[in-house]
Amino acid sequence: MTGREARMGSVKVIHYLNQFFGQIGGEDKAGIPPQLKEGSTPVGQLIQKESSNRFEVVRTIICGDNYAAEHLEEVASVVLKWVEEIRPDLFLAGPAFAAGRYGMACGVMCKTVQQKLGIPALTAMHPSNPGVDSARKEIYIIETGDSTLDMKRVIPKMIALSQKILDKASIGMSQEEGYLPRGVRINVRAEKRGSKRAVEMLLKKLRGEPFETELPLPQFDKVMPAPPVTDLANALIALVTEGGIVPKGNPDRIEAHNASKYCKYFIGNINDLTGEDYQTAHGGYDPVYANDDPDRVLPLDAARLLEKEGVFAKLYDYYYMTVGNVTAVASAARYGREIGELLLKDGVHGVILTST
Amino acid sequence: MNELLLRRVRVHDVVFGEKTEISDHVLRMNQEEVVRYLLEDRRLKSVEIKIARPGEKKRIIPVKDVLEPRAKLGGTLTTFPGFFDSAEPVGTGITYVLDGVAVVTCGKLVNFQEGLIDMSGPGAEFSLFSKKLNVVLVMEPKENLGKHEHEEAVRVAGIKAASYLGLAGTMAACDEEISFPIATLVELEDSYRGLPKVIYVDMVIAQGLLHDNYIYGINAQGSLPVLLSPTELMDGAIVSGNCAAPCHKNTTYHQQNNPIVEDLLAEHGKTLSFLAVIAMPVCTSLLDKERICTQVLKLAKFLGAQGAIVSEDGGGNPEADLMMLARLFEKEDIKTVLVTDEYAGRDGASQGLADVTPEADAIVTNGNGNQYVILPPMEETIGHLEAIDVITGGHTGSLRPDGWIEMEIAGIMGSTVEVGSENLKTIAV
Amino acid sequence: MVKEIERVGLPAIQICAIVPIALTVGANRIVRAIAIPHPTGDPKVEKKEEIELRKKLLRTALKGLTERIQEQTVFKTEELSPGASERNR
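Note that the protein sequences, when read in sequence, are chains A, B and C.
In my numbering, each residue carries its 1-based index in the first sequence increased by 36.
In my numbering, each residue carries its 1-based index in the second sequence increased by 44.
In my numbering, each residue carries its 1-based index in the third sequence increased by 117.
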């Protein structure tokens, strides 16, 4: 047996992927339930190659992003079963990059496998991925860019950190090892005493020089619920969507992801959105159903019916839209704020917002 | 221009002897004399004096306060003013320091917020007191003595012992002399015109229920902020009566050797003009906090402060004061740095401070007090070992049957002290 | 975005399929959507039934707008009677 053969498969890995990286399909296949594939997919093969075949992906679990997002617990228990059957050395998920549903699933699967089976688990995603918060304290998440072009850079980092975990070696700081800060604070010895650091920090602050606080305070980003609509029968209600519904042809060229703006469209004389006149511009979900009947994302027809029944007084003559796909948190916040202010100015009492 | 001459007498060992004196860097102490002196306070039933040296396998628990022996030479001023005969403003003249010695008040627990000092082993690294020649006063109160009387009795005993030993220092040759000039505001303005004007706000907890501090002998509760010169702290103008958590309680020693004062003085006249210290009482009610913070702002503005360092005393509600002050100061363009510690939980994942504000963008942290440690048994315990189960940082079962102690560093004297004497820091991973 | 709309003082309710993400991001009023690619639709059923489904979802959303809440709340679609909300977090 050559040295190479002996090293092959010294770390047995089970790899979790979504339908796209699992080579099953795109958004149209996002609803597939978890399935088992013995061996690896191209991403798994990349892991093997980059680890000089030290890591062997013996099993791949593929699940549709929508299915996972909508059935997290169920998928987790299926994954647990399939992992427990072989008890690999390592469980890897993703990289998920900026895909939110995928990231969420990766985080939860890793956390579950590690906590329930004691098998080290690791994933990788973009810092803005909502999946980060679901698991950052419990498992290491390698930081990635927001596009799959980052794959080649990320895989070696996943391998290196995984190896350290398996070797029970000491793990360095987040910047060194490439993982996202876990939101955990540990005591260390500084070179200078606290008072000296304070004086130096003050001098920098006084001079307008950049300084770094030692204790970043969290944004307690909770919003006080606004007072409710008190008289629904006499209320003016507005519809807003992040689902990307636009007039056919996307006249304002709103981007399919990371939208740089929001748009406003007149619906004052429309009772129903049809596939002839409207479409979705959102690139992050299967557009088939929305393009067939845009009311499935922006529920105009039902809103009109309820308006006629008198459930509320009037539907606002416009709807606001944007594409909520990898849109920066700060941008989305700004759009929300501006839309809110514009609607408030126009006498709207309540807002129904749909997102995909 | 006035000055304080600080004369350091380096002490390398403490032993009991016939006469209390210092020669060849050895402090000889007449034990009976000291005990007799302290027992003049009838509230104390017994006083035993023990010595704990760096490296010895000794543990001191429960520790109420630590004081550095200091006394003034000549004149009518005394260190720790306001307790006995003199209440005159200090910070000028000549002060002797027994460098290397600390008086530690110990004995029956007054309140559960008392601490531990290990002279060797892993616990020793967490406290600068492990490197001191500790003269430990193990005091037992009279039967049925009330808590407040008990606390006062041991506090006064500590001051008496520190003064008594400091006096021996005044008769010894000093190894080092440092001059601290004291200038008026006008003189500072003339001398250091181009330098940013900086103040130091020294928070002192004043919350009653044995969480107290004394400024010139007066309980800080009911006091508005007090303007002090940096050298007044060196002479013991602030004495600790407080039973905040041991890790971040500012002991009298920490105030006498206030490192923020030291480090600001090191930059004084070079990169900044250190105007003054403001001792700021920290109370519990919102009205009191607003009252005191706004008074501090008033003083700061009057002094023309452009920058401020604010150190916390204790934890929890004092963080509201930290944040309030940060808001008030930054609004007036007084650049502020807060110095604190954290209780981030044993896993380091909890929000470490009780209050936050966006203006608090420059914070120095002295560590997470919840860090869990396991300390080996020591050959000798000075005091009462069983107290570990009830003091802050300890818990029922902290003292294991095999003699090891499991506890949080919250129970180790000064481990995360918020004036920044130690170099413990917390980082995010 | 719904949090920011609420921040200006306008009650806003979000219909979305991935409720955990909406909660993490901080939406105060949430109604669970039918599915990601069709939050207010169901291509598997007849058009007439689909519209009824959509109306029901909207009724829940409107109810959610009229309720005074103290914290993040996910409103259930099934019951439409008072107290139909399910406190979350």
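Careful, some of the hints might be misleading.
To be verified - Counterexamples of contact, computed for chain A against chain C with all Cβ distances above 10 Å:
| hint | residue |
| --- | --- |
| 1 | Q71 |
| 2 | E106 |
| 3 | L380 |
Said to hold, decoys possible - Derived list of chain A stretches under chain B, where covered just means 3 residues or more per stretch with a C-beta under 8 Å from a C-beta of chain B:
| hint | segment |
| --- | --- |
| 4 | 141–155 |
| 5 | 183–192 |
| 6 | 240–252 |
For the record, the hints were derived by calculation from the structure and aren't laboratory data.
In this text, a Cβ means the ideal position worked out from N, Cα and C, and glycines have one as well.
Cross-check of the supplied hints:
no., hint, verdict
1, Q71, "holds, 19 Å"
2, E106, "violated, 6 Å"
3, L380, "violated, 5 Å"
4, 141–155, "violated (count 0)"
5, 183–192, "violated (count 0)"
6, 240–252, "holds (count 7)"
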